[in-house]
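Student: Chain residues, written in single-letter form:
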Amino acid sequence: MRDFLYRIRAGEIIVADGAMGTMCFEAGLRVGDCPELLNIENPQLIEDITRSYLEAGSQIVQTNTFGGTALKLAPYGLQKRSAEINEAAVKIARRAAGDRAYISGSCGPSGKILQPYGDTEPEIIYASFREQINALIEAGADIITVETMVDLEEAKLAIKAARQISSTIPVMAAMTFDSTPNGFFTIMGISIEDAAVGLKEAGADIIGSNCGNGIRDMVMIASGFRQATDMPLIIQSNAGLPKVENGKTVYTETPEMMAEHAKDLMVLPVSVIGGCCGTTPEHIRALRKMVDSWAA
Amino acid sequence: MDILKQISESLQKGDHEKVAMLTSQAIEEKIPVKKILDEGLIAGMNVVGEEFKHHRIFLPSVLLAARAMYAGMDLIKPLMIRDNIPTIGKVVIGTIKGDLHDIGKNLVGIMLKGAGFEVIDLGNDVTPDRFVQAAKDEKADAVGMSALLTTTMTGMKDVIELMKSEGIYGKIKVIIGGAPVNREFAEQIGADSYAYDGMKAVEILKEYVKDK
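Sequences listed follow chains A and B, in order. Okay, so the first sequence: first residue is 1 according to my numbering, each after it adds one. Okay, so the second sequence: first residue is 1001 according to my numbering, each after it adds one.
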């Protein structure tokens, strides 16, 4: 496989994958179960989901390790199994993808609030990321993706942990923004401009946004990033905000709608385009088609 | 400047050391405790709430202000108990059974305490029995329930049903929140209110205890 960052810098647009968590719930993950434990207890399910994204045209597949830090695993009593869980997740993704896609080690928030606002010391969060990312890289992840971050300081700790372990592994970093009357901010008050500066400074190669309120907002967020930086961008949008119909969660943005708006991302350009909560292999298939016809 | 105003302004800046110092000074100057609370601490927190509501400040500033509020509260709490001054209200909070997420619920707790409520935090994975028992034992004004998962949010209805059969529904207000929850869902299950965030919860509950 060719060097990932080389391709990005050469102007290629890469299609990533869609949701893992919401797909697991769809497949019957129960209330109160730890999604990351499936890497150990039901690896076949994770492999099947990963394969369905590969068949839809994903060139990057994410590991099922969003909540894979010891801090995030602790409420399930799994804090000692972080390395094992992350290693298993990379192996599953590799088994599904072989060398036809990059394996991205997913790294989500620790669930703790940093001092001085919260009670957690940065060293503790850093150590937790370091353990997780070390396991991901050791097991053979090609990329580390720090995602769904709302606190810039926490995102920087994760990026720095990845950088400390490997100076060469590509690191993508994405934060989650809300729309306010004064512009886009994370719940911790981080603007797109702040994020662009901070994520780069910490050592990320590709920066941008994931999760959020849907593809329309994401196009605006991506434009904001493009104005703030000339770094390569990543965008992975939710399929809108979830609604509950008859006790079931429904995401309302269709594959067609997402693909249509992907055009607006490609002109900027955004280098890595994928989906987040509520997206399915169908969304990725539609994105794939749009990206291919754009490149042609 | 008036010391109460100074307390309020230091609290808005999140300066907990200064709030503690000024509160001690106000106590020494024999300013009535209720006045320190209402015109200093709560007044400051009200401004913070308004600023947050209008997106002029963000969560970190609210958390720092809440910490400053605690610094003052810690000093006047013993005096409030001595003088039999009630807190503005008592709220039992927790995350629904099966749900281990607690950041949102913790933030609501911080903001409620910051606004002067007494908060009984039952933690996460809380059964209907525990919600109802605590609400009765503590003679709470309200029960606040949180869920992050669409799979656990339905457990809120179980709590409300148990409150009905225990005869406390309608007497103790039910307020719900969390990512998948909305006003429509609140109405469906018979909750009194839905709060989009912690500050909204404070606003709703303040309004409620005022009318009581």
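Calculated from the structure, these hints are not laboratory results. Among the hints, a few may not be true.
Below, simulated DSS-like cross-link-like pairs (lysine-lysine); rule was C-alpha separation at most 25 Å, straight line [unchecked claim]: (1) B:Lys1077 - B:Lys1013; (2) A:Lys243 - B:Lys1053; (3) B:Lys1077 - B:Lys1136; (4) B:Lys1030 - B:Lys1053; (5) B:Lys1005 - B:Lys1157; (6) A:Lys112 - B:Lys1157; (7) B:Lys1171 - B:Lys1013; (8) A:Lys112 - B:Lys1013; (9) B:Lys1035 - B:Lys1212; (10) B:Lys1210 - B:Lys1171; (11) B:Lys1157 - A:Lys243; (12) B:Lys1200 - A:Lys243; (13) A:Lys112 - B:Lys1077; (14) B:Lys1206 - B:Lys1005; (15) B:Lys1164 - B:Lys1077; (16) B:Lys1005 - B:Lys1018; (17) B:Lys1005 - A:Lys112; (18) B:Lys1077 - B:Lys1157; (19) B:Lys1013 - B:Lys1035; (20) B:Lys1034 - B:Lys1113; (21) A:Lys248 - B:Lys1053.
Student: Are there hints from earlier that the structure breaks, and if so, what are their numbers?
Tutor: Hints 4, 5, 6, 7, 13, 15, 17, 18, 21 contradicted; others consistent.
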